[in-house]
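**Student:** Letter by letter, the chains look like this.
Protein chains: 2
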Amino acid sequence: MDIAKYIDHTLVRADATPDEIRNLCDEALEYGFASVCVNPSFVPLCTKRLLESDIKISSVVGFPLGATTTKIKGAEAAGAVNDGAHEIEMMLHIGLLKAKHYDFVKYDIQHVVEKADGALIKVIIETAFLTTLKIIDACHIAVQSGADFVKTSSTYASAGAKVEDVKLMREVVGPNFGVKASGGIKTYADAVAMIEAGANRLGCSAGVQIVKEAKGA
Amino acid sequence: MDIAKYIDHTLVRADATPDEIRNLCDEALEYGFASVCVNPSFVPLCTKRLLESDIKISSVVGFPLGATTTKIKGAEAAGAVNDGAHEIEMMLHIGLLKAKHYDFVKYDIQHVVEKADGALIKVIIETAFLTTLKIIDACHIAVQSGADFVKTSSTYASAGAKVEDVKLMREVVGPNFGVKASGGIKTYADAVAMIEAGANRLGCSAGVQIVKEAKGA
Chain A
21 MDIAKYIDHT
31 LVRADATPDE
41 IRNLCDEALE
51 YGFASVCVNP
61 SFVPLCTKRL
71 LESDIKISSV
81 VGFPLGATTT
91 KIKGAEAAGA
101 VNDGAHEIEM
111 MLHIGLLKAK
121 HYDFVKYDIQ
131 HVVEKADGAL
141 IKVIIETAFL
151 TTLKIIDACH
161 IAVQSGADFV
171 KTSSTYASAG
181 AKVEDVKLMR
191 EVVGPNFGVK
201 ASGGIKTYAD
211 AVAMIEAGAN
221 RLGCSAGVQI
231 VKEAKGA
Chain B
21 MDIAKYIDHT
31 LVRADATPDE
41 IRNLCDEALE
51 YGFASVCVNP
61 SFVPLCTKRL
71 LESDIKISSV
81 VGFPLGATTT
91 KIKGAEAAGA
101 VNDGAHEIEM
111 MLHIGLLKAK
121 HYDFVKYDIQ
131 HVVEKADGAL
141 IKVIIETAFL
151 TTLKIIDACH
161 IAVQSGADFV
171 KTSSTYASAG
181 AKVEDVKLMR
191 EVVGPNFGVK
201 ASGGIKTYAD
211 AVAMIEAGAN
221 RLGCSAGVQI
231 VKEAKGA
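First to last, the protein sequences are chains A and B. For reference, each letter of the first sequence is one residue, going 21 to 237 in the numbering used here. For reference, each letter of the second sequence is one residue, going 21 to 237 in the numbering used here.
Chain A with its partners taken away, still in its complex shape:
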């Protein structure tokens, strides 16, 4: 198993600098990560840095709160794709999910799918805020909305990925949909536990250490 191919090499801190983003891209090239995951303003820089490589570029939409308007989420996705992003990680509207406005939550995702012009869509459901039943609802809605992945966490809530949540998400979405675990995956053992639970992609800022650990193991 090449663990690097599971990892979205991620730097979405508010204070990330262009030099740090360039370094993120260089590490992705060196270690062969699945993608780099960055905030929208850094997509053009990644596009330039990763030209002629097979490293994908992921960018975030409505991140990390999910409470901007549907129209802005769509425009942000379209802009990121236009700037070179291959994968879009959108925040679901958590407050409206909690309030059972399921039609709205679905429409919000569908609009992003539509505007993202064929890019892979990961829906961040932010498990830290959700009950088991709401995690199930969120997964069903993501599948019905034409997205490609459900993702556990933005890393800006009180907790990140939990093995039991990843297992549940995989069970709900079935074998042919993506499940991404993120938040608190700091070691090779953490990464393997998430993959065994059903994740087929991992969001990590510690990707380099995880790959080094895997090679040493």
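A portion of the hints provided could be inaccurate.
If chains are identical, the list can't say which one is meant, so a pair holds when it fits in one copy or spans any two.
[Said to hold, decoys possible] Quick list of in silico lysine to any residue cross-link-like pairs, SDA-like style, CA-CA up to 25 Å:
hint	residue 1	residue 2
1	Lys126	Gly236
2	Lys206	Tyr176
3	Lys91	Leu140
4	Lys91	His131
5	Lys91	Tyr127
6	Lys206	Leu49
7	Lys118	Arg42
8	Lys118	Arg69
9	Lys120	Pro64
10	Lys25	Lys206
11	Lys120	Thr151
12	Lys154	Leu65
13	Lys68	His121
If you're looking for bench data, these hints aren't it; they were derived computationally from the structure.
Since chain A is already given, all that's left is putting chain B on it; use the hints.
**Tutor:** Same frame as chain A, now just chain B:
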């Protein structure tokens, strides 16, 4: 001193529900806060709820990371104003400030000022990430960009408002520009300390308790 008039009654949690936002508006009407501060998707609900009152509506842009594109920040501001927001709180691009791309940081703010169609513009500089010198730079840039306020914090970083930062910000921007303190203002004593340091607006989720404390004091 009517402390309520200093307070932006704030609910920008990712999982805030429509009922909680309605309650926020009702509390603003009851206590006479300066504004309610909400995520963009909730502006229309506030507009309806606060119709024919003098409570302003504040909404956030590029929040809380500041690392989306300038174009999206502008569109988000224009959308919020169109939906009824009177005040826009935009996140400055922290990573590009740290990297000394001052022209970009200024342009980013100017674009929001331009798109916000006369709304009051508060620039969140996120002091937790900044050195003293960078706080000074951020304040100068905000003044030069045509904004109306500098604001200490998004409340999503490691620290909120500090008295010494508010003093510094007031000193740099002078007496005729706004300074908003936010993050960790939980008591009437906290609120008074920030006002004495130079803040003329406060962002609080504990506004109701603060007003009650003020009346009891």
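**Student:** At 25 Å max between alpha carbons, let me know whether Lys91 reaches Leu140 within a copy, between copies, both or neither.
**Tutor:** Both: 19 Å inside a copy, 23 Å across copies.
**Student:** Indicate which option fits the pair Lys118, Arg42 if close means a Cα-Cα distance not exceeding 25 Å: within, between, both or neither.
**Tutor:** between (38 Å within a copy, 15 Å between copies)
**Student:** Give the relationship of Lys118 and Arg69 under a CA distance limit of 25 Å: within one copy only, between copies only, both, or neither.
**Tutor:** between (40 Å within a copy, 21 Å between copies)
**Student:** With identical chains treated as interchangeable, where does the CA-CA distance between Lys68 and His121 reach 25 Å or less: within a copy, between copies, both, or neither?
**Tutor:** Between copies only: 19 Å across, 40 Å inside.
**Student:** Under a CA distance limit of 25 Å, which applies to Lys206 and Leu49: within one copy, between copies, both, or neither?
**Tutor:** within (20 Å within a copy, 47 Å between copies)
**Student:** First find the shortest C-alpha distance between Lys126 and Gly236 inside one copy, then the shortest across copies, and answer within, between, both or neither for a cut-off of 25 Å.
**Tutor:** Neither: 44 Å inside a copy, 47 Å across copies.
**Student:** Using 25 Å as the alpha-carbon threshold, which applies to Lys120 and Pro64: within, between, both, or neither?
**Tutor:** Between. Shortest inter-copy distance 19 Å satisfies the 25 Å Cα cut-off; intra-copy 37 Å does not.
**Student:** Is it within, between, both or neither when you check Lys120 against Thr151 at 25 Å Cα-Cα?
**Tutor:** Within. Shortest intra-copy distance 13 Å satisfies the 25 Å Cα cut-off; inter-copy 44 Å does not.
**Student:** Within a copy, between copies, both or neither: which one fits Lys206 and Tyr176 at a CA-CA cutoff of 25 Å?
**Tutor:** both (16 Å within a copy, 22 Å between copies)
**Student:** Within, between, both or neither: how does the pair Lys154, Leu65 come out at a Cα-Cα threshold of 25 Å?
**Tutor:** Cα proximity of Lys154 and Leu65: across copies only (24 Å, versus 37 Å in one copy).
**Student:** Between Lys25 and Lys206, at a C-alpha cutoff of 25 Å, which is it: within one copy, between copies, both, or neither?
**Tutor:** within (16 Å within a copy, 46 Å between copies)
**Student:** Classify it for me, Lys91 with Tyr127: is the Cα-Cα distance of at most 25 Å met within a copy, between copies, both or neither?
**Tutor:** both (11 Å within a copy, 23 Å between copies)
In the structure shown, a violation is registered for the earlier hint numbered 1 alone.
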